[in-house]
Amino acid sequence: GQSLEQPSEVTAVEGAIVQINCTYQTSGFYGLSWYQQHDGGAPTFLSYNALDGLEETGRFSSFLSRSDSYGYLLLQELQMKDSASYFCAVKAEAAGNKLTFGGGTRVLVKP
Amino acid sequence: DGGITQSPKYLFRKEGQNVTLSCEQNLNHDAMYWYRQDPGQGLRLIYYSQIVNDFQKGDIAEGYSVSREKKESFPLTVTSAQKNPTAFYLCASQAGGGGVSNEKLFFGSGTQLSVL
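Note that the protein sequences, when read in sequence, are chains A and B.
Note that this note's numbering has the first sequence beginning at 1, numbered continuously upward.
Note that this note's numbering has the second sequence beginning at 1001, numbered continuously upward.
These are calculated hints, taken from the structure and not from any lab test.
Don't take each hint at face value.
Below are the BS3-like pairs computed for lysine-lysine, each with C-alpha atoms no more than 25 Å apart in a straight line [claimed, not checked]: (1) Lys-1104(B) <-> Lys-1071(B); (2) Lys-1057(B) <-> Lys-1071(B); (3) Lys-1057(B) <-> Lys-1070(B); (4) Lys-1104(B) <-> Lys-1083(B); (5) Lys-1071(B) <-> Lys-1014(B); (6) Lys-1070(B) <-> Lys-1014(B); (7) Lys-1057(B) <-> Lys-1083(B); (8) Lys-1104(B) <-> Lys-81(A); (9) Lys-98(A) <-> Lys-1057(B); (10) Lys-81(A) <-> Lys-1071(B); (11) Lys-1104(B) <-> Lys-1009(B); (12) Lys-81(A) <-> Lys-110(A); (13) Lys-1009(B) <-> Lys-1071(B); (14) Lys-1083(B) <-> Lys-1014(B); (15) Lys-1070(B) <-> Lys-98(A); (16) Lys-1104(B) <-> Lys-98(A); (17) Lys-1009(B) <-> Lys-1083(B); (18) Lys-98(A) <-> Lys-1071(B).
Not close to chain B: a few residues of chain A, all C-beta gaps over 12 Å, as computed [what the hints assert, rightly or not]: (19) Ile-17; (20) Thr-23; (21) Leu-54; (22) Arg-59; (23) Ser-61; (24) Tyr-70; (25) Tyr-72; (26) Gln-76; (27) Glu-77; (28) Met-80.
From the three backbone atoms N, C-alpha and C, an ideal C-beta is built for every residue, glycine too.
Can you build the whole structure from these sequences, using the hints too?
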């Protein structure tokens, strides 16, 4: 089967940096995605990593290590609007090339 | 504007009743998905369709049914066989083909289903 683990909650202050880790177990791994979801809203796509390394998009960066079955999402210069849940999702042959989502990390940004 | 639309935003179901959630997209995407989200949890796949007139069960298909008669539409019916239907239901679409840009799922704003 497949499994993904990410922390349930992280709290930080405005301007800080937060790293959300995601470890996964699967077979036939293709890539790791990250989505942001505000309360009661639709998830929105942040990034997709298929190769090892760091991908930077503005204040958010995503990292993947295929050999360690590990990735993280880095949120820099935190703003109040970044308070949301963040989900990692794995695309793998084990799930018929469909996404399997983690349980989500709730990020609370305090002034 | 292109996008994916779900309706209604809130839906109430009586015991023994079937209800249908609507999902429409004008993005010309081939693939469409239905996910269920319970409070404080991740998304679980109910059904998906990669082409018109074809669909497959996801991880939690029992008690649900779908159809894909048009590319733009992928309605989900929650049947009376689903004994715990209260959840937030999300529809998503995805463009076909390879490439990183096509890995992105576009989500609708969701339907909150509750049992009366």
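Structure-based check of all given hints:
Taking the CA atoms of Lys-1104(B) and Lys-1071(B), the gap is near 18 Å; set against the 25 Å cutoff, the hint holds. Restraint check for Lys-1057(B) and Lys-1071(B): the C-alpha separation of about 18 Å stays at or below 25 Å, so the hint holds. With a C-alpha separation of about 18 Å, the suggested pairing of Lys-1057(B) with Lys-1070(B) holds against the 25 Å cut-off. For the hint linking Lys-1104(B) to Lys-1083(B), the alpha-carbon distance of about 32 Å lies beyond 25 Å, and the restraint is violated.
Between Lys-1071(B) and Lys-1014(B), the direct Cα distance comes to roughly 30 Å. Violation of the 25 Å bound is thereby established for this hinted pair. With a CA separation close to 29 Å, the supplied pair Lys-1070(B) and Lys-1014(B) exceeds the 25 Å bound. A C-alpha spacing of about 18 Å is found between Lys-1057(B) and Lys-1083(B), which places the hinted pair at or below 25 Å, so the restraint holds. Of the pairs offered as hints, the one joining Lys-1104(B) and Lys-81(A) holds, with about 22 Å between alpha carbons and a cut-off of 25 Å not exceeded.
Taken as a hint, the Lys-98(A) and Lys-1057(B) pair is honoured in the structure, with Cα atoms around 12 Å apart against an allowance of 25 Å. Simply put, Lys-81(A) and Lys-1071(B) have alpha-carbon atoms about 35 Å apart, too far for the 25 Å limit, and the pair is violated. The straight-line distance between the Cα atoms of Lys-1104(B) and Lys-1009(B) is roughly 23 Å, inside the 25 Å bound, and the hint therefore holds. A C-alpha spacing of about 10 Å is found between Lys-81(A) and Lys-110(A), which places the hinted pair at or below 25 Å, so the restraint holds.
Simply put, Lys-1009(B) and Lys-1071(B) have alpha-carbon atoms about 22 Å apart, close enough for the 25 Å limit, and the pair holds. For the proposed pair Lys-1083(B) and Lys-1014(B), the alpha carbon gap of about 11 Å is at most 25 Å, so the pair holds. For the suggested pair Lys-1070(B) and Lys-98(A), the alpha carbons sit about 22 Å apart, so the restraint of at most 25 Å is met. Our distance criterion of 25 Å between C-alpha atoms is met by Lys-1104(B) and Lys-98(A), whose separation comes to about 12 Å.
Distance hint between Lys-1009(B) and Lys-1083(B) is fulfilled; the C-alpha atoms sit about 21 Å from each other, no more than 25 Å. A C-alpha spacing of about 19 Å is found between Lys-98(A) and Lys-1071(B), which places the hinted pair at or below 25 Å, so the restraint holds. The claim that Ile-17(A) is not at the interface with chain B holds, since no C-beta of that chain comes within 12 Å of its own (minimum 24 Å). Residue-level check passed: Thr-23(A) sits 14 Å from the nearest beta carbon of chain B, beyond 12 Å.
Leu-54(A), annotated as away from the interface, keeps every beta carbon of chain B farther than 12 Å; the closest lies near 15 Å. The non-interface label for Arg-59(A) is consistent with chain B: the shortest C-beta to C-beta separation is roughly 19 Å, beyond 12 Å. For Ser-61(A), the requirement that its beta carbon stay farther than 12 Å from each beta carbon of chain B is met, with the minimum near 15 Å. Under the 12 Å C-beta cut-off, the non-interface status given to Tyr-70(A) relative to chain B holds; the minimum distance is some 18 Å.
Every C-beta of chain B lies more than 12 Å from that of Tyr-72(A), the closest at about 17 Å, which supports listing it as non-interface. For Gln-76(A), the shortest C-beta to C-beta distance to chain B comes to about 22 Å, beyond the 12 Å cut-off, and the non-interface label holds. Separation of Glu-77(A) from chain B is adequate, the least Cβ-Cβ distance of about 24 Å exceeding the 12 Å criterion. At the 12 Å boundary, the C-beta of Met-80(A) stays outside the reach of chain B, the nearest C-beta of that chain being 21 Å off.
Of the numbered hints stated above, those contradicted by the structure are hints 4, 5, 6, 10, listed in ascending order.
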